[in-house]
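There are 6 protein chains.
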Amino acid sequence: MFIVKIRASYSAAHRLCREDLSEEANYALYGKCSNPNGHGHNYDLEVAVAGEIDPATGMVINFCEIQQLVDSLIIDQVDHKNLNVDVAFMRGVIPTVENMARIFWDILTPRIRNGRLHHVTVGERNSNMVTYAGPSPARSKLADS
Amino acid sequence: MFIVKIRASYSAAHRLCREDLSEEANYALYGKCSNPNGHGHNYDLEVAVAGEIDPATGMVINFCEIQQLVDSLIIDQVDHKNLNVDVAFMRGVIPTVENMARIFWDILTPRIRNGRLHHVTVGERNSNMVTYAGPSPARSKLADS
Amino acid sequence: MFIVKIRASYSAAHRLCREDLSEEANYALYGKCSNPNGHGHNYDLEVAVAGEIDPATGMVINFCEIQQLVDSLIIDQVDHKNLNVDVAFMRGVIPTVENMARIFWDILTPRIRNGRLHHVTVGERNSNMVTYAGPSPARSKLADS
Amino acid sequence: MFIVKIRASYSAAHRLCREDLSEEANYALYGKCSNPNGHGHNYDLEVAVAGEIDPATGMVINFCEIQQLVDSLIIDQVDHKNLNVDVAFMRGVIPTVENMARIFWDILTPRIRNGRLHHVTVGERNSNMVTYAGPSPARSKLADS
Amino acid sequence: MFIVKIRASYSAAHRLCREDLSEEANYALYGKCSNPNGHGHNYDLEVAVAGEIDPATGMVINFCEIQQLVDSLIIDQVDHKNLNVDVAFMRGVIPTVENMARIFWDILTPRIRNGRLHHVTVGERNSNMVTYAGPSPARSKLADS
Amino acid sequence: MFIVKIRASYSAAHRLCREDLSEEANYALYGKCSNPNGHGHNYDLEVAVAGEIDPATGMVINFCEIQQLVDSLIIDQVDHKNLNVDVAFMRGVIPTVENMARIFWDILTPRIRNGRLHHVTVGERNSNMVTYAGPSPARSKLADS
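Protein chains in written order, with this note's numbering: chain C, -3 to 141; chain B, -3 to 141; chain A, -3 to 141; chain H, -3 to 141; chain Z, -3 to 141; chain Y, -3 to 141.
Don't take every hint at face value.
Put simply, identical chains are the same to the list, so a pair is met inside one copy or across any two.
With a straight-line Cα cutoff of 16 Å, these simulated EDC-like cross-link-like pairs (lysine to aspartate or glutamate) come out [claimed, not checked]:
#, residue 1, residue 2
1, Lys1, Glu61
2, Lys28, Asp50
3, Lys1, Asp16
4, Lys1, Asp40
5, Lys1, Glu48
6, Lys1, Asp75
7, Lys1, Glu42
8, Lys28, Glu48
Hints listed in this document are in silico derivations from the structure and should not be mistaken for laboratory results.
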């Protein structure tokens, strides 16, 4: 099995807070990430697609094809934006890297042909990253029923 | 001559805009960096001090001493903050990396002992950086007179 | 499933040698890493925790919580130390990256709440790394009986 | 289980094209990678070996042993070469990173003692990588019968 | 004084050789870089512009403006190309990083407004770089006379 | 003018201490770098040579030539060594990065042909570096007299 990986990055502002909590409770939960006026990051994104090689082309999936999907569906929406306010698919979602990875997965997974999405990694600093490998098949079936 | 360099980083939100301009004019001037709700970066900071080696210690200046100055005077003020709103020494200043480098220079230069500040570099992405080496001596003298 | 990863680093000296072997035999086994007076590295550490997202917070586990565990239980013990001499939990252990990964796992795994330790990676140079994913469940049960 | 990883790099020229296709069809398939006179990369290679720790040495496999295998069997053959023309084991193969990962796997896997090859990752830029984890066991058996 | 720096990269093939020399003499001069069928690199380019800050905008020169010049005048010409064959402004020039830095300087320097070109750095690996800071003013004057 | 830069690295142990001071006084001066049993780093070294381009070759100086000088004169002496004990040219010298940069300069500068040594940078972590650009001409003359 092959796993093809592309990387991209975006620069965005965010604030971690639950609207139902006081500023003090948000600070207790999210620390300095709850700063009321927000802060920001250069986010690193890795998108990995698993598949078999096509012997005729020597490729699983064209890098450019994944890159274009990621650019148009994700990077163009989140780069140089405020993730709490500006992004339609983040509305009502606390903009943690976990939630971003999960949402990016949901956006990308139906669009991948010639393979299947393997994982999405989002990092907000080189020292803080989350990898999401999709819902487990068992739970997916339950979710469908 | 020796140049001792330390590096630090901070994550902050900013928006580039001139209050006297319309949103369209700001976009023409600053592009996507003028997004009204802001965006953000992991900023990289390099502070360089020039000096002579002290033969007794083998050091120009203790790395920890510069690091502590930079942490307390700069990083603690800007990390996880909104640079347009939250930072006293950025008030009324358009938060470009040029202005940050200049202001950080002004904050640090009187505090450096055992050497003199050589340059300050601020980067907002690995591909976009500014180095400020201080006002030229000539202009400094003029400024003093 | 989500995998949350934090990274840290420490600077330490070590020497690879077996006390029961001659200097020549140690050199044959460990090469230049057996230098009798030691050498050192900036070690890179990645700690990964697997878990489910808490919909109320959007987090699996707070990055800061893992970071504090890693800092207090590991980094504070090994940073700027001699791993053959100074570190209680390394006593009597050949300080290879394999052994460090295994010991760090054993230290961290009972302390992780809201998830379970997924892997520990220790690198002594960017080109030399080891990932340890814990004892296999089967062997773990045997070890318990 | 431990996974020991070493990294190496090589600088090479390549051109992606199928000999049975016109220049236009190759451009449609491979984009700018089909440039008739070739282009090139600094390729990054990660080789990972899985195994158990030898308690007597604290190692799974000596880093130097893997490094030497990788250097002699791969790097010495591909570094500062044209992958379409100069490399015996790439002859007749479209030099995609997928094909390189697969061929490097086939070269290395019979040579690994004290463990088994876990994966091979080849990247042509930091943003474009492929990981190959070998043929699946089921298919391997079929292939043997 | 401020120095604004942008970075870009390009992937290209090249061969170092003097047409007037034998293959052996080229190997003696350029080593493995003289491989007759070429090799390649991911080249790193840094372009630095020196200037004064415009207090009205907080900028020396818009990063995007430099980036667009570099992309259109350089990257679009050399990326995914063979530097010995495909690039008009490299024709008849041995494609060393020294020559690239010098030629990129000559291309960019008349196009920089709001400042002057300070240096151009070209690296073919992270370990091999050349910085060119332009002809010295003295020699420039001589060259003009 | 061109500045050609090569980079190398070495892994070594060191301890910062003055033999004439108590352990407490050394800790006050050098902090955790005074740990009695030592610690270590992956040191990064940059060696820069300034010169004019040779139009016949397109090079200032062959990268390999500098690399070989640096490898044989420096890296082979300090890599996987204890800098306080094992290295002849460090004997009696407090192994700060300042002193290393100065000594490496003195070792390399008479060996550079086709140009002159421009600077030597030694870093013990990515965040802590020293650049040495040689004794000033004035002081050099005094030293000669």
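Now the hints, each set against the structure:
1. Taking the closest pair of Cα atoms, Lys1 and Glu61 come within 16 Å of each other only inside a single copy of the chain (12 Å); across copies the shortest separation is 28 Å, beyond that limit.
2. Taking the closest pair of Cα atoms, Lys28 and Asp50 never come within 16 Å of each other, the shortest separation being 48 Å inside a single copy and 20 Å across copies.
3. In this assembly of identical chains, the alpha carbons of Lys1 and Asp16 never lie at most 16 Å apart, being 38 Å within a copy and 28 Å across copies at closest.
4. With identical chains, the CA atoms of Lys1 and Asp40 are at most 16 Å apart both within one copy (13 Å) and between copies (13 Å).
5. For the homomeric pair Lys1 and Glu48, the shortest alpha-carbon distance inside one copy (14 Å) is at most 16 Å, but the shortest distance between copies (24 Å) is not.
6. Taking the shortest Cα distances, Lys1 and Asp75 never come within 16 Å of each other, neither inside one copy (20 Å) nor across copies (21 Å).
7. In the homo-oligomer, the alpha carbons of Lys1 and Glu42 lie at most 16 Å apart both inside one protomer (7 Å) and across protomers (14 Å), since each shortest distance falls under that limit.
8. Taking identical chains as interchangeable, the C-alpha atoms of Lys28 and Glu48 are never at most 16 Å apart, the minima being 44 Å within one chain and 23 Å between chains.
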